[in-house]
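Sequences are here, hints too, so could you generate the full structure?
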Amino acid sequence: MHIMMFTERPYTEVSEDEIIKNASFFGVSNENLNPAIGGELYNSYFDEAVYSEKMGFDGVMLNEHHGTPFCGGSVMNIEAAVLARITENIKIVLLGNPLPVADPLRLAEELAMIDMISNGRLVSGWVRGAGSESIYNNANPAYNRELFEEAHDFVIKTWTTPGPFRYEGKHYQYRHVNPWVLPIQKPYPQMWIPGLVSPETVVWCAKHRYPYLALATFLEPTLEMAQLYRDTAAQEGYEFGPENFGYLQRVVVAETEEKAQELGKSFFFGGGIAAFARPEWMFPPGYNSKAATRRLAKVFADPNAREGGSGPTGLQGTTSLQPVETQEEIEANRKIIYSRYQAEQDNLQLIVGTPETVIPKIRHILETVRPGIFAMWHHFGPMSHEDRMTSIRLMGEEVLPAMRGISDELGLVSPYDRQPGSRPLAAPVAH
Amino acid sequence: MTGSSNGYSEGHSNGYTEGTVQVGGTALTMIRGGSGRPLLVLHEELGHPGWLSWHKALAEDHLLNIPIHPGFGTLPRADWVTGVRDLAGFYSRMLGDMAVEPVDVIGFSLGGWIAAEMAAACADQFNSMVLVAPMGIRPRDGEIKDLFVVTARAYLDASVHDAENTPEFAALYGGATTPEQYETWEDARAESARLAWKPYMHNDSLSPLLEGVRGLPTLLIWGREDQIVPLQSGQIYNRSIAGSELAVFDDCGHRPETEQTEQFVNRVRNFLA
Chain G
1 MHIMMFTERP YTEVSEDEII KNASFFGVSN ENLNPAIGGE LYNSYFDEAV
51 YSEKMGFDGV MLNEHHGTPF CGGSVMNIEA AVLARITENI KIVLLGNPLP
101 VADPLRLAEE LAMIDMISNG RLVSGWVRGA GSESIYNNAN PAYNRELFEE
151 AHDFVIKTWT TPGPFRYEGK HYQYRHVNPW VLPIQKPYPQ MWIPGLVSPE
201 TVVWCAKHRY PYLALATFLE PTLEMAQLYR DTAAQEGYEF GPENFGYLQR
251 VVVAETEEKA QELGKSFFFG GGIAAFARPE WMFPPGYNSK AATRRLAKVF
301 ADPNAREGGS GPTGLQGTTS LQPVETQEEI EANRKIIYSR YQAEQDNLQL
351 IVGTPETVIP KIRHILETVR PGIFAMWHHF GPMSHEDRMT SIRLMGEEVL
401 PAMRGISDEL GLVSPYDRQP GSRPLAAPVA H
Chain B
1 MTGSSNGYSE GHSNGYTEGT VQVGGTALTM IRGGSGRPLL VLHEELGHPG
51 WLSWHKALAE DHLLNIPIHP GFGTLPRADW VTGVRDLAGF YSRMLGDMAV
101 EPVDVIGFSL GGWIAAEMAA ACADQFNSMV LVAPMGIRPR DGEIKDLFVV
151 TARAYLDASV HDAENTPEFA ALYGGATTPE QYETWEDARA ESARLAWKPY
201 MHNDSLSPLL EGVRGLPTLL IWGREDQIVP LQSGQIYNRS IAGSELAVFD
251 DCGHRPETEQ TEQFVNRVRN FLA
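If you're matching them up, the sequences are chains G and B in order. Going by my numbering, the first sequence opens with residue 1, and the numbers climb by one from there. Going by my numbering, the second sequence opens with residue 1, and the numbers climb by one from there.
Please keep in mind that the hints were generated in silico from the structure rather than gathered at the bench. All values reported here derive from a predicted model rather than from experimental measurement. Please note: incorrect hints may appear among the correct ones.
To spell it out: a stretch of chain G is covered by chain B in this simulated footprint if at least three of its residues, at any positions, have a beta carbon under 8 Å from a beta carbon of chain B; those stretches are [to be verified]:
no.	stretch
1	131-145
2	274-282
3	293-300
Just a sample of chain G residues kept apart from chain B, beta carbon distances all over 12 Å, derived [claimed, not checked]:
no.	residue
4	Lys54
5	Ala84
6	Asp153
7	Thr256
8	Leu366
9	His385
Note that CB positions come from ideal geometry on N, CA and C, so glycine has one too.
Printed below as a string of structure tokens:
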């Protein structure tokens, strides 16, 4: 199993009240940003990545979001370039670059440089980007999937076709493609795709034989997506295995249970994942497929359907909490936000404790999901550098060795142990 | 547009019929009702709202032809239509295919912009033109309200000056959003985004081209309190189209046809007469 350290690299020195008032991280004014503090945070996150390598993690995972204190990866490739130089062996796993909002030729160059500087340690993941990315970058959400697919095909063509060549596509056109930077890894770095259980993306991954990594999703829909991948793989003529599937979950470890419980609450800062962006920013026009829109229609029409789930809406990344103004309203919403703390632990959406108490929970997840890739999302809200380092240390000393034992026992091979999509079908496909 | 176009088949009959017409490779839903001189009706960015009081009133002396823009209804969209000028060309082709005499046209918001683009390209296809708070020209001060960063519900609420005292609006959009409404609005928002995501709902070449339009009787109708397309856009339209008249309704938002139906119908009927 490939085990990664992950943090959103958030800008945590923002008042929680500002986020609750806005009912969303996206949209909070950048007048609340102190660039000097932000710079210190970046550097401490770099130090933690270096320490993760030392403590035995296989990879450090980065992601990209724009216009939000939620995530520091506004231009993730810059962070990756730094890590390429200051780390030695750890994989630099980008999950992922939001293709529809990028200039794909420039992206092909940036990623090639990261692979060159790191001596072939890049994993190049792709995402459609959250809806807010389309709004922020003014990339038409109604063409999001078309842009994603065309940009993806173009980057691969750029990495595999000797230049110069001319490219005339539907959404992208280039007169002269001939980058003098190319990935060291041939034909190109592994591509892993993270997602929030969108069936269209899972099918796309299975067809391309790219590992799919479910991001802090409930176990039941996660298993449904694994099954969908397995079925699609069978139709494509290969056997699905742990090398095709990954999982990210929130895990924070401390020396004592009491300390861990205190740190765990920071995952609810400002509303946590559920406050990523308001629905109107998460679902800009045309961003969703017709099928996904039909599913959402039921949720938005039925107020009862909004309860439960990862946030008050039941929809990843969105909240039904409304923007508020008065201190009284802020306190009321804060209470609602933190009231879910225990429930999230009970349903294994948040794993908090000492190494001793988290290992059995992780075992349950590994046995259930059988991923070949596991990302430990160990930090989200305000949590000191010291506490983050302790969490990484305890994981390295106690949790990772236990996970490797479980992985061996369960045969959870990673995409580096076995090329995804390389295994012949175990039995004839039933049509 | 007298009722015998290719492939048209009648649907139901509640003062209007619904059928399908073929324009090149694209099937189009067409709603028809009334009798008299043909009037082409181009609907707004959230779709055709249904057969309203104003439709009924104007149908007494006009044959209303209301195409549902490709992508807004249940029929497949036209992939090659990626901008409002494309859609304007599509409708010009429809008129050409139908080999009709010049027609009267009325367009609302996005539909008004489509009509203006058609006129800018070829004013001869119209007898006269009514534009109701059309998109297409950005105001010098203020902004056209962005449909793409708010919910359809919030956009609708901003579109009328006094929702509580606009019974037809309340009847259409009051109460909780139904799954059907949500889906319809999302389809409409998606197609509107394909047409006008960037630049948002305007085209800087429209005003100079409209200056070349001569002899097309044009009525512009605007609510003074329009929160979607500021009145200043109407004033620029008014200056751009030679001989156009700008009727401004007081205490009225972006939907004069629903907010002040009687005044609206009288004004349009007199203008078209």
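When you look at the beta carbon of Lys54/G, is every beta carbon of chain B farther off than 12 Å?
holds (44 Å)
Minimum C-beta separation from Thr256/G to chain B exceeding 12 Å: can you confirm that?
holds (45 Å)
Outside-interface status for His385/G - nearest CB in chain B farther than 12 Å:
holds (36 Å)
If we take the beta carbon of Leu366/G, is the closest beta carbon in chain B still more than 12 Å away?
holds (38 Å)
Hey, is Ala84/G genuinely clear of chain B, shortest beta carbon separation above 12 Å?
holds (34 Å)
Assertion that chain B covers the stretch 274-282 of chain G - criterion: three or more residues, beta-carbon distance below 8 Å
holds (count 3)
Does Asp153/G sit more than 12 Å from chain B, CB to CB?
holds (18 Å)
Please verify the coverage claim for the stretch 293-300 of chain G: does it have three or more residues whose C-beta sits within 8 Å of some C-beta in chain B?
holds (count 6)
Counting residues of the stretch 131-145 of chain G whose CB is closer than 8 Å to a CB in chain B, do you get three or more?
Per the Cβ count (6), the hint holds.
Checked against the numbered hints given earlier, the structure satisfies every one of them.
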